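A.B. asks: Got two chains here, separate frames each, mind docking them using the hints?
Chains as they are written, first to last, in the numbering used here: chain A, 1 to 313; chain G, 1 to 347.
Warning: the hint list may mix true and false statements.
As the list claims (entries may be wrong) - Below 25 Å or equal to it, Euclidean Cα-Cα: the simulated BS3-like pairs (lysine-lysine) are:
hint, chain 1, residue 1, chain 2, residue 2
1, A, Lys269, G, Lys204
2, G, Lys308, A, Lys271
3, G, Lys339, A, Lys269
4, G, Lys308, G, Lys339
5, A, Lys6, A, Lys21
6, G, Lys199, A, Lys271
Said to hold, decoys possible - Far from chain A, some chain G residues (derived; all Cβ distances over 12 Å):
hint, residue
7, Lys130
8, Leu139
9, Ser157
10, Asp187
11, Ala295
12, Val309
None of these hints come from the bench; they were simulated from the model. Everything numeric in this text was worked out from a predicted model, so none of it was measured. Ideal Cβ positions, reconstructed from N, Cα and C, are used throughout, including at glycine.
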Amino acid sequence: MEQREKLLEIKNLKQYFNVGKPNMVKAVDDVTFDIYKGETLGLVGESGCGKSTTGRTIIRLYNATDGEVIFNGANVHGKKSKKELKDFNRNMQMIFQDPSASLNARMKVSDIIAEGIDIHGLAKTKQERMDMVYDLLETVGLNREHANRYPHEFSGGQRQRIGIARALAVQPQFIIADEPISALDVSIQAQVVNLMKKLQKEKGLTYLFIAHDLSMVKYISDRIGVMYFGKLVELASSDELYENPIHPYTQSLLSAIPLPDPESERTRKRKVYNPNIHDYAEGEDVKMREVTPGHFVYCSEAELKQYQAIHAK
Amino acid sequence: MEKILEVKDLEISFHTFGGEVQAIRGVSFDLIKGETLAIVGESGSGKSVTTKSIMRLLPESNSEIKGGQILFDGKDLAKLKDKQMQGIRGKDISMIFQDPMTSLNPTIKIGKQIMEPIIKHQNVGKATAKERALELLRLVGIPNPEQRFQQYPHQFSGGMRQRVVIAIALACNPKVLIADEPTTALDVTIQAQILELMKDLQKKIDTSIIFITHDLGVVANVADRVAVMYGGKIVEVGTVDEVFYNPKHPYTWGLISSMPSLDAKDEALYAIPGTPPDLLNPPKGDAFAPRNAYAMKIDLEEQPPMFKVSDTHYAATWLLHPDAPKVEPPEAVKRRMKKFLSEQEGK
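Next up, chain G with everything else stripped away, as it sits in the complex (with noise of 0.2 Å):
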């Protein structure tokens, strides 16, 4: 159980017209050795903005990392110099975005942008670069790459292109590899393909994920643990099983049953009522509590601390406080419960 990251109390906001923007509020994580980390939640719950802090890539114009520390590798991210950051970007952290039409430039051959890391960062010459490119593109699983690295991106496929994102992204063996939707803009067999090219190519080269996301699907498939973020937090952490057969937090609750599970077809699916927080002035309790059919007063009043289910998992809600009353999940999740514990039982 090394770590390799770990997020201690991180704080960001922005600072916009309207005002400051809390949008990471106190998170804290570690992303341990060889492990995938999915991180969920809807947009503007912080996810993009946590990954893109350790990457040191938010604006520096109006964002401002408040507190906390980003600790990798014994140095604290979060105040390195830029020139310093320039080191450690695309060479121990690289990052995969959402969108494979916009990461990748139009303008340049595909394997000259491959190249541009391992040069960067290997301090190669270009006849190795390119030995190291073309071995990089056979191994994502492109066809024909001595043809393929004189081409631009438009005449690349969506599925193929994000292939080539993923083969700069892992030109210098990262340590920590951050995944910012990878297969949200692709249709579900290129979405599978992706997925299984990356948990084949993580086991090859030995490097931790972190995957956001926010379909669920997605993460029952690669994640070992989850962290489920809402208003800037994370609410709920703790192994793939745990998070989906004992989910302890509401949020939780209501992002798994508001999926149509394919027995159920003539209940309406749960739907989380209400809008996520404003930012721009949280809620002094939970943020979570507007919306939270099973809220409590003192949801209102203060934050809930992370309250400990097992070793491995956590949640921020006051039903785990002892004195709070006993509540029943929703359906949905009660039928998952169930499947869980009777195959505990049955180990």
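Next up, chain A with everything else stripped away, as it sits in the complex (with noise of 0.2 Å):
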């Protein structure tokens, strides 16, 4: 486990809003963690938990407030020449939420597909450039005949398969979905689940995948980044995160889901979190610590010692 490379390396990461002013919001505050080649981390938590915010801040969007993101060795934040930064987007990519808010409503499906390959120069002839772009809508499941028409034309689902693409126009290495199933139905969600997992077996793409639905979550995921307020209180595998949650907020967060199980929801009790409960010293230091191999809680030393004595086996 310990061999695995480490594609990209969030170190401490911070993104405030209206700094200086009365209204600061520490959207993202002090997050670290690591996402390995070839896998899916999840990041879930509730809304304006800072979960968008990382993923954002993550790709440039925006300019990180401190703390480093590491992308291949190389720091993806700080000053860079064009040719840089034009090296780094092709390798990252984002799936966002509302495929028709993120969609140009006035340019063909071929014009945005390609308007990555356009950029980087990928292709060297107009046949080579439509060629890419069949190819790309065959690998997502739409036919060739949709490359000329326009986003309004086609379903939510199919619009997300245009935005997925777009993504992989580029032959990124990591892509970060934002949410890309919350805008569609069930039956369609599936599809589309079904989709990145295959693209990802095929092209050893890296995933980080933002969600609220924390079943597909733990569905798609290795593993699973619990976020609350601004930080991130646990990391672990998804099958440890959902059997043996440590930290109280992933907890009444985990029995809160329900399930589509008459019986057991019969049954469930639901945890309610008081973030009280810590009662954490002034200048105390918190911070992630391991409570049992590759599963880190957000917690004092005190704490730490509480969870292993009941985690630890």
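C.D. replies: Pasting the structure below:
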């Protein structure tokens, strides 16, 4: 496990908005984690917890307030030449939540998909460019006839496929998917998730999968991070997180998911998270600590002992 | 088993530039006193149109109730005059909408918004209405009701706003409460609170609920009975246990197996292929046939009637016809059925 290659390292990432004003928001507050090559890291939490901001800061849609994002050994933030930036953009792509808002309504599908190809000069001739577009369309389960249409002619699920094709066009290593299925119907969600899984296998992609639908996240992710108020509070492999949630917030979040099983719903006990139970002293060193191997929890030294006593086998 | 609301063969069309969209194509169901009936289905299946027609909230300019009856309290709501409907809407039947941001008026203090239906329907003075409004705020679990009474919707969080919407809906102790995706816009933890609140209130004021959602987890949590809609029709209806553990319609199979179960990780999710039907030109046969792996020749030619599975369980699929071949439902569904059967034997 330890031998795995790190694709992305996020170190003490901070993203504050309205710095220096009374309404300063610490959207992402000192978050540290790694993403390994070929894995899917899920990021969950309630709205406003900073999960989308984390994704957007990683891909440099925002300039980080503090901290580092190291991608393939190079820092993402900080001064970059145009060429470096272009290179970086090619390797990291994003899929957005709302497929109708993230596709330019006045561009043809072929031009939307080929925009990255044009910018990076990946196609030498017009023919080659169109061949690449057709290829991509077929990869995501659309037809080549779709290339000449406009986004409004497609259903939500198809539009999200176009968004995926666009992200794949520049052959990235890493894709940030920000709630890619939240806007879709249940029966269509499964189609898109299956497609993402298939593409990962074929192309060796690495995903950061941001969502609030916990059952889908568990299905697609290898590891899951839970965020609460700008902090990462727990990080573990997805099975471990579901079977052995340690942080009280994670426990309350998991106990709140309704399962499609009437029998278990009748007996479900919901836990309520009260942030006051931690009772951290002023200046106490609270950080991510490894409770059991590979399972990190945001806690103090005293809590670590307590958690280990309960959860270590 | 007192029926409080009966919908019979309801047909609703919308007139658009493209032609007539047959949004509801013969929907029948009953609502029994004190129960929660969940209506599930994907967008465009007609679940919201059905309930909006019960409230008579469909725009008169382009929609038309082409046939059928909505029987409530001895009256056919489909034929009532607007004036008469105003006496029922918000009093006997009320509604909770999906998005608490848009269903409250941002320029009116919430106290006044809660008092509105009370003054309108109950013939009481302002002072009594205010007292009742404060009581309602307490009932839906809003702390400091006196102070909150004077605040505007933007001063509330999403979950608190939805509580206010529920307070307004319950202001006149309605006999029927229609909740149209009331928790879809909320976070899971808040969703759990709102669902608990609704179940609790249902017991207190003894109301019947029609709950629209596409989240099967929520259905399993709140529903007594479930109706599955597809292409403007109800394709399966039964108690929550029957629909979840012994589903008969291939569309219900698809819905259930497209949700990831917590134990099967490596299998690919079952995805219902294709897209929902175009109701501008509804297909001649079963609307689900083009997406249905189990479709037979007859599915393309004739619409299936409702076949009876048990006294409470019906499904519209030709697979239930005595002459139909035996088919195996998908793995995920079979696992559920097995569980159900072993439990039945245990009893």
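A.B. asks: Taking C-beta pairs only, is Ala295 of chain G more than 12 Å away from all of chain A?
C.D. replies: Ala295 of chain G clear of chain A: closest Cβ-Cβ about 16 Å, beyond 12 Å.
A.B. asks: Can we trust that Leu139 of chain G is non-interface, i.e. its beta-carbon lies farther than 12 Å from all of chain A?
C.D. replies: Label holds. Min Cβ-Cβ 20 Å, cutoff 12 Å.
A.B. asks: Going straight from one Cα to the other, do Lys269 of chain A and Lys204 of chain G come out at no more than 25 Å?
C.D. replies: 21 Å, holds
A.B. asks: Given the hinted pair Lys199 of chain G and Lys271 of chain A, is their alpha-carbon gap at most 25 Å?
C.D. replies: Measuring from Cα to Cα gives roughly 17 Å; hence the hint holds.
A.B. asks: If we take the beta carbon of Ser157 of chain G, is the closest beta carbon in chain A still more than 12 Å away?
C.D. replies: Nearest chain A Cβ is 10 Å from Ser157 of chain G, so the label is violated.
A.B. asks: Between the alpha carbons of Lys339 of chain G and Lys269 of chain A, is the straight-line distance 25 Å or under?
C.D. replies: 22 Å, holds
A.B. asks: Compare the distance between the alpha carbons of Lys308 of chain G and Lys339 of chain G with 25 Å, and conclude whether the hinted pair is satisfied.
C.D. replies: 22 Å, holds
A.B. asks: Against the 25 Å threshold, does the CA-CA distance of Lys308 of chain G and Lys271 of chain A hold or violate the hint?
C.D. replies: Status violated; Cα separation ~41 Å.
A.B. asks: Say whether it holds or is violated: Asp187 of chain G keeps its Cβ farther than 12 Å from all Cβ of chain A.
C.D. replies: The assertion about Asp187 of chain G is violated, with a minimum of 4 Å to chain A.
A.B. asks: Compare the distance between the alpha carbons of Lys6 of chain A and Lys21 of chain A with 25 Å, and conclude whether the hinted pair is satisfied.
C.D. replies: Measuring from Cα to Cα gives roughly 37 Å; hence the hint is violated.
A.B. asks: Beyond 12 Å on every Cβ pair: is that true for Val309 of chain G relative to chain A?
C.D. replies: At about 17 Å from chain A, Val309 of chain G clears the 12 Å cut-off, so the statement holds.
A.B. asks: Is the nearest CB of chain A more than 12 Å from the CB of Lys130 of chain G?
C.D. replies: With a cut-off of 12 Å, Lys130 of chain G remains clear of chain A, as the shortest Cβ separation is near 31 Å.
When the structure is compared with the earlier hints, violations turn up for hints 2, 5, 9, 10 and for no others.
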